[in-house]
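K.L.:
Whenever a hint applies, use it, and build me the whole structure from the sequences.
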Amino acid sequence: MLSAASLAQIDHELTKYPPEQKQSAVMSALRIAQTELGWLSRDTIEFVAHYLDMPAIAAYEVATFYNMYDLAPVGRNKITLCTNLPCQLQGADQIAAQMQARLGIGFGETTADGRYTLKEGECMGACGHGPLCLHNNHKMHDHLTPESVGKLLDDMK
Amino acid sequence: MSLNTPDTQICLWTLGFDHPASLATYTANGGYEALRNILAEKTPAEDIIAQVKISALRGRGGAGFPTGLKWSFMPRSFPGDKYIVCNTDEGEPGTFKDRDIVRFNPHQLIEGMIIAGYTLGAVAGYNYIHGEIYEEYQSWEAALEEARAAGLLGRNILGSGWDFDLHAHHGYGAYICGEETALLESIEGKKGQPRFKPPFPASYGLYGKPTTINNTETLASIPWILRHGGQAFLELGKPNNGGSKIFSISGHVNKPGNYEIPLGTPFADLLAMAGGVRTGHTLKAVIPGGSSAPVLPAEVMMSLTMDFDAISRAGSMLGSGAVIVMDDSVCMVKALERLSYFYFEESCGQCTPCREGTGWLYRIIHRIEQGQGRPEDIDELLRIGKNIGGNTICALGEAAVGPVASFVKHFRSEFEYHIEHKRCQVGMSPSDKVGG
Amino acid sequence: MPVIEIDGKQIEIAAEATVMDAAHQAGITIPHFCYHKKLSIAASCRMCLVEVEKAPKPLPACATPVTEGMKVQTRSVKAIAAQQGVMEFLLINHPLDCPICDQGGECQLQDTAVGYGASASRYSEPKRVVKEKDLGPLIATDMTRCIHCSRCVRFGQEISGLMELGMAGRGEHTEVMPFLEAQVSHELSGNVIELCPVGALTSKPFRYSARSWELSRRKSVSPHDGLGSNIQVHVKNNRVLRVVPQENEAINECWIADRDRYSYEALNSPDRLTSPMLKQNGQWREANWQEALEHVAARLNQIRQAQGPAAIAGLASPHQTVEELYLFTKVLRGLGTENIDHRLARADTAASDGVRWLGMAVAEINTLDRVLLIGSTIRQEQPLIAQRLRQAVKHGAELNVLHAAGDDLLCRVNARLINKPGDWVNALAQIAKAMQEAGADLGADMGAALAAIVSVSDHARAIATSLMSGSRRALLLGALAQQHPAAEQLHGLAQSIATACGATLGFLSPAANSVGAQLVGSLPGPEGLGAAAMLATPCSAYVLLGAEPALEAYDAAGAAAALHAADFVVALSAFKMATLEHADVLLPIAAFAETAGSFVNMEGRLQRFQGAVKPQGEARPAWKVLRVLGNLLSLGGFDYDTAEAVLGDALPADFSARLNNAAPPLAPSRLNLVPGLERLGETPPYQLDALVRHAPALQASTDAAPPAAWMGSELLTRLCLAEGGLVRVSQGDRDVVLPVRRDDRLATDTVRVAAHPLTAKLGPRLGPVSVEKV
Ligand SMILES: Cc1cc2nc3c(=O)[nH]c(=O)nc-3n(C[C@H](O)[C@H](O)[C@H](O)COP(=O)(O)O)c2cc1C
Ligand code: SF4
Ligand code: FES
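Chains as they are written, first to last, in numbering that gives the first Met the number 0: chain A, 0 to 156; chain B, 0 to 435; chain C, 0 to 773.
No lab work stands behind these hints: they were computed from the structure.
It cannot be assumed that every hint is accurate.
Stated by the list, open to error - With a straight-line Cα cutoff of 25 Å, these simulated SDA-like cross-link-like pairs (lysine to any residue) come out:
1) Lys189/B with Pro17/A
2) Lys385/B with Ala16/C
3) Lys21/A with Asp406/C
4) Lys118/A with Gly170/C
5) Lys189/B with Tyr50/A
6) Lys53/C with Arg382/B
7) Lys15/A with Trp161/B
8) Lys53/C with Glu184/B
9) Lys138/A with Glu140/B
10) Lys37/C with Glu140/B
11) Lys235/C with Ile99/C
12) Lys53/C with Gly160/B
13) Lys385/B with Ile79/C
14) Lys196/B with Asp406/C
15) Lys15/A with Gly160/B
16) Lys15/A with Gly79/B
17) Lys208/B with Ala14/C
18) Lys385/B with Lys53/C
19) Lys56/C with Pro197/B
20) Lys393/C with Gly79/B
21) Lys130/C with His172/C
22) Lys385/B with Lys393/C
23) Lys15/A with Ala148/B
24) Lys130/C with Phe106/A
25) Lys118/A with Arg127/C
26) Lys21/A with Glu184/B
27) Lys70/C with Gly389/B
28) Lys56/C with Ala394/B
29) Lys196/B with Ile99/C
30) Lys208/B with Ala16/C
31) Lys196/B with Gly335/C
32) Lys421/B with Pro125/C
33) Lys393/C with Gly314/B
34) Lys254/B with Ser147/A
35) Lys393/C with Glu184/B
P.N.:
The structure is reproduced here in structure tokens:
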């Protein structure tokens with residue numbers, strides 16, 4: 000189900016915790032699985048649960064509790080825009096409007112060609128650099144301006 | 000003394016260097032000296048805790064709890080493993096200081112955690128890193144490798160015969176994991192739902208073992224305190240409010256960013272450092288300590304100094320030192336609506352008042368913002384808030400109520416205007432966007 | 000012990016107690032939802048908030064430890080305000096559908112709302128709606144009613160040992176759900192119904208059949224496994240509509256197994272036998288009682304006179320009551336035969352000296368710290384004993400297992416010896432040998448016999464080490480060990496090991512009245528035949544009480560052949576059972592809940608119960624039928640008016656003196672390993688007795704899946720078989736075709752084929768078997 004490289008990464012995560020606490024690696028294992036497969040299907044979650052000797056429902060609880068896991072397929076580029084108050088004060092609403100107009104989708108939607116998914120995010124702990132967004136969960140783009148947004152989107156293939 | 004320069008900087012002093020995050024930069028400027036001394040002299044844990052107590056270092060994570068006192072709660076002669084945990088789950092809206100410490104001075108945090116581990120008798124430490132800052136998670140892991148390679152972590156640290164290791168645990172999108180016991184649950188691979196206290200982490204923490212949890216900035220301050228002495232740290236700030244503190248200023252200022260200045264600095268000075276209120280506007284209100292802190296009107300704020308005691312006397316809290324500045328363009332209903340949505344969205348859902356109450360609060364505020372409010376709604380908000388506050392497992396309940404109560408207290412007329420006129424007093428119709 | 004004050008009352012209470020415990024002790028009610036005495040503390044519903052002197056905020060009574068001098072107010076203004084606030088929050092998203100809710104009238108939320116809620120809610124936003132979940136045939140859901148107390152989830156994590164339900168999502172969107180729909184299959188799953196304080200999880204078979212206040216509640220005892228769980232039978236219009244647990248800390252605590260809960264459905268089964276039936280010229284016809292019983296008496300007399308009393312055999316089910324079994328044996332002994340037995344599923348039915356029992360109180364199981372479970376598929380045989388063992392393990396006990404399958408016991412197992420049944424004597428001897436090598440004294444005879452053991456596996460050594468440490472030890476012989484062809488030898492070895500390490504030796508009684516049946520002498524007399532012998536060579540007449548040998552016997556097919564060959568078979572039965580085609584007369588008897596009686600459970604506890612409903616149709620309590628039969632046979636001593644009167648004769652007051660697990664002195668002789676494939680044929684949980692076999696919801700659940708031939712990968716490869724294909728499983732000249740399934744936890748050379756109507760054509764449950772591809 001997962002590539003050898005992903006399994007190796009999970010195995011590395013496992014070294015961080017006491018041997019009888021394999022479940023501690025579930026968050027990173029789900030992240031690693033999602034990074035490889037794009038989203039977390041039930042089968043993937045079950046696989047991860049088995050790999051870590053934990054009940055599948057317990058892994059599912061984790062996958063549904065944390066916002067950054069995708070339990071349904073998303074576009075190749077998932078853009079999560081922080082709209083919380085500090086970012087909002089610094090112009091996030093305009094950036095949101097602009098992204099939505101340009102992509103023709105609202106928050107929580109994916110473009111028909113599967114290229115973009117737009118999500119509304121909560122505080123990312125970088126408020127002073129807002130407005131900002133997260134690309135595919137792992138790359139932050141800050142100081143967004145009406146001018147920079149177009150190019151940012153176009154550069155995402 | 001000039002502010003926000005190496006004179007006053009405890010944690011962010013590496014910023015002026017070419018490679019601020021590197022081990023070389025850190026060691027060339029006295030880094031790991033405190034640790035070396037401790038290991039060489041086998042400094043007794045009590046002596047370290049005594050210095051931390053003298054420093055009047057108060058937790059930088061939000062509650063401002065005295066760190067030395069917290070450390071003294073850890074059981075000395077516990078037979079099994081103990082842990083030290085660093086809280087870098089910075090998710091309180093407005094706060095962005097810990098990310099910069101991890102980015103620009105990871106080794107000082109590592110040193111602080113090692114010293115804490117030594118002092119508290121821990122076998123290992125975990126740094127819980129906010130889900131949305133993956134790059135910092137990776138760079139901190141790299142810094143750990145660097146430290147490990149230099150013999151600063153792992154077996155027989157610096158030839159002392161003492162073993163200790165540090166690991167990063169990455170969050171994945173849940174504000175509540177900043178709450179210390181939710182964070183522990185999360186490290187255990189569960190949903191991040193806070194535990195009822197007692198028992199406190201010092202007796203039943205990670206994997207049920209005694210555990211101390213501190214904020215990133217708190218732990219990163221430790222090497223400085225031990226190098227310069229607790230008294231020097233205390234003297235940087237003011238009594239009961241030792242040291243400098245990073246203030247993260249966001250919102251309507253010309254130069255948002257982190258400013259590391261002594262506790263007790265007047266708010267006006269901080270505002271000036273941040274370039275003042277957005278040009279062309281006047282100051283309306285400030286949330287002085289992260290979104291959970293009650294909002295204060297401009298005139299109150301301008302008379303305050305930035306320290307735990309002063310802000311608390313004014314009816315708010317210094318919290319994490321996140322200062323959200325709002326100018327005269329802000330509709331307070333709209334601003335509160337966004338914050339209420341946040342708490343509703345981030346409630347972990349386990350305890351009844353928070354799970355049910357945060358949604359109820361948000362829906363009423365949303366209605367008012369949309370021009371659908373009813374005259375009784377404002378008192379209803381306060382009544383619901385009273386039923387949440389103090390009745391929940393963790394402080395998220397109170398955090399959700401604080402903004403509501405304070406926004407209504409200081410800006411009630413705006414809410415009334417919204418309800419009566421079905422539009423915004425600040426000039427825009429309810430659906431118009433605020434900010435910019 | 001600290002003294003605290005609640006509502007002005009002084010309470011002295013254990014130091015580790017909570018305010019809730021103290022209130023409970025003092026008879027003060029504090030409203031609560033998430034708190035449950037058998038589960039960990041969640042402190043999440045916040046309903047139990049109380050005011051504690053000097054505490055700035057109200058504190059949850061369930062999670063607040065008592066401290067000396069603490070002053071608590073449960074009904075102060077502050078406490079009531081907090082409780083009303085919580086109640087209002089709980090109700091804002093709870094549907095107000097009490098009039099159609101099955102929980103209505105017994106709903107903790109409803110009751111608490113009346114006592115602790117404010118008048119009207121001011122919530123005017125839309126209410127949350129939650130999608131239904133399919134949890135299978137036993138549990139119905141109305142998830143919109145869930146108040147997130149998490150009791151059902153904690154039950155899985157902490158009691159059943161299998162986390163089948165979780166709380167997915169976050170905040171207001173949190174939902175209780177299984178990982179995959181219809182996945183709830185644990186043998187104790189139904190307990191979440193009582194745990195659920197609202198009507199989110201209710202009984203599916205019971206759904207909408209009655210309002211709780213229309214039901215009359217009668218205490219009774221479950222008629223299935225040897226635990227004797229206490230239950231309440233809920234009746235409306237002379238129909239049993241549901242069964243729920245009756246709390247008894249010493250036996251079932253507050254739980255019951257699913258079969259205890261749902262088997263009542265069989266009472267209303269279309270397969271109930273509702274009138275006496277006679278077979279004449281191969282045709283069944285209904286008859287009246289007089290005619291039927293006279294016919295039976297005449298035929299039995301005839302056979303006795305023509306062939307002697309030893310031509311008559313009596314087989315009774317150990318699920319019948321003490322009174323019934325007693326009169327049954329009295330009739331047969333009156334006829335002069337000693338061919339009497341209740342141990343149908345056993346291969347080795349030699350007479351035994353003592354009445355075999357658990358050897359200790361059921362509740363003591365939780366306190367054991369070393370256990371060896373011998374030949375027990377424990378979760379199927381004894382769902383609640385398995386639960387108690389799980390609690391023991393949680394508190395540090397080492398559980399060791401000797402079996403032919405390394406099944407998941409849902410708790411940590413210290414060491415397992417997994418061998419095919421034919422090698423169990425050897426395996427047990429290896430443990431004894433390992434103990435001997437470690438210095439234990441196994442007695443002269445046994446010690447000498449152990450010289451035959453040449454190799455001792457690491458697992459056997461690990462078990463020996465475990466048994467020689469700790470302080471409260473027990474060896475428990477399960478149903479398979481009791482059914483085993485070498486049961487006496489297993490018993491003897493277990494006895495030696497127990498003596499050598501100071502452990503208690505116990506038998507896990509497979510049926511509700513296994514102990515009672517032994518006590519009333521439902522066993523062969525000195526000259527009589529045991530069940531296996533009675534069925535190995537046909538007798539002329541069989542009298543069956545609730546027994547169905549063609550399904551329940553150790554050699555089911557052999558039993559069917561014996562009945563078929565008999566001249567006369569009379570069956571006292573509650574059901575028209577397909578395999579009773581061999582019978583000549585069917586006499587309808589009252590089933591469980593339709594008659595008064597008593598059972599003696601595995602710990603030797605006599606439990607009496609009354610009938611809750613009238614028997615169906617013409618059915619009569621078996622003790623009354625036997626009374627009339629005894630009189631018709633002019634046997635004398637059958638003039639009983641009540642079941643109690645029968646009991647008085649059946650059991651002496653000091654019957655417990657006869658409980659005795661001492662093995663006859665016998666050195667093991669079957670120590671050699673036997674080559675070849677062997678069958679592992681357990682009784683699946685919902686095949687245990689006639690009642691569960693006729694209960695539709697149980698039969699629709701996962702544990703009632705049709706049997707398969709389970710084998711390990713290595714065996715599949717050796718036989719060139721693939722999972723999913725079909726195989727012919729043969730024992731002698733009998734065979735059945737079954738699908739192949741893989742289970743790598745099985746012992747080498749083991750083919751697991753359950754005892755089931757679909758495999759009843761096969762022979763011995765633990766005998767040699769061959770397998771070929773079809
Ligand atoms: C809802 C909630 C969120 C919190 N988030 C954070 C956080 O992001 N970072 C942090 O350091 N502390 C946070 N805290 C405070 C922690 O629970 C804890 O008090 C702190 O990490 C202790 O460290 P300190 O004593 O060094 O401040 C939060 C508390 C609550 C109730
Ligand atoms: S107050 Fe909210 S976040 Fe905290 S435990 Fe309760 S439900 Fe969870
Ligand atoms: S019963 Fe105490 S919080 Fe639920």
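K.L.:
Between Lys385/B and Lys53/C, is the straight-line Cα distance small enough, at 25 Å or below?
P.N.:
19 Å, holds
K.L.:
What's the verdict on Lys393/C and Gly314/B, does the C-alpha distance respect the 25 Å limit or exceed it?
P.N.:
This hinted pair is violated, its Cα atoms lying about 49 Å apart.
K.L.:
Straight-line Cα separation of Lys393/C and Gly79/B no greater than 25 Å?
P.N.:
19 Å, holds
K.L.:
Need the status of pair Lys53/C, Glu184/B: alpha-carbon distance at most 25 Å?
P.N.:
Not satisfied, since the Cα-Cα distance of roughly 30 Å exceeds 25 Å.
K.L.:
With a cut-off of 25 Å on the C-alpha distance, tell me whether Lys53/C and Arg382/B pass.
P.N.:
With Cα atoms ~24 Å apart, Lys53/C and Arg382/B stay inside 25 Å; holds.
K.L.:
Could you grab the alpha-carbon distance between Lys15/A and Gly79/B and see if it respects the 25 Å cut-off?
P.N.:
Between Lys15/A and Gly79/B the Cα gap is close to 18 Å, so the pair holds against 25 Å.
K.L.:
Holds or violated: Lys196/B with Asp406/C, Cα cutoff 25 Å?
P.N.:
Roughly 38 Å between the alpha carbons, so the hint for Lys196/B and Asp406/C is violated.
K.L.:
With a cut-off of 25 Å on the C-alpha distance, tell me whether Lys385/B and Ile79/C pass.
P.N.:
It holds: about 13 Å lies between the C-alpha atoms, which stays within 25 Å.
K.L.:
Against the 25 Å threshold, does the CA-CA distance of Lys130/C and His172/C hold or violate the hint?
P.N.:
11 Å, holds
K.L.:
Within 25 Å, alpha carbon to alpha carbon, are Lys15/A and Gly160/B?
P.N.:
21 Å, holds
K.L.:
For the pair we were handed, Lys254/B and Ser147/A, check the Cα-Cα distance against 25 Å.
P.N.:
19 Å, holds
K.L.:
Can the restraint linking Lys138/A and Glu140/B be considered satisfied, given a maximum Cα separation of 25 Å?
P.N.:
Judged against 25 Å, a Cα distance of about 16 Å means the pair holds.
Of the numbered hints given earlier, the model fails hints 2, 8, 10, 12, 14, 22, 29, 31 and 33; all others are met.
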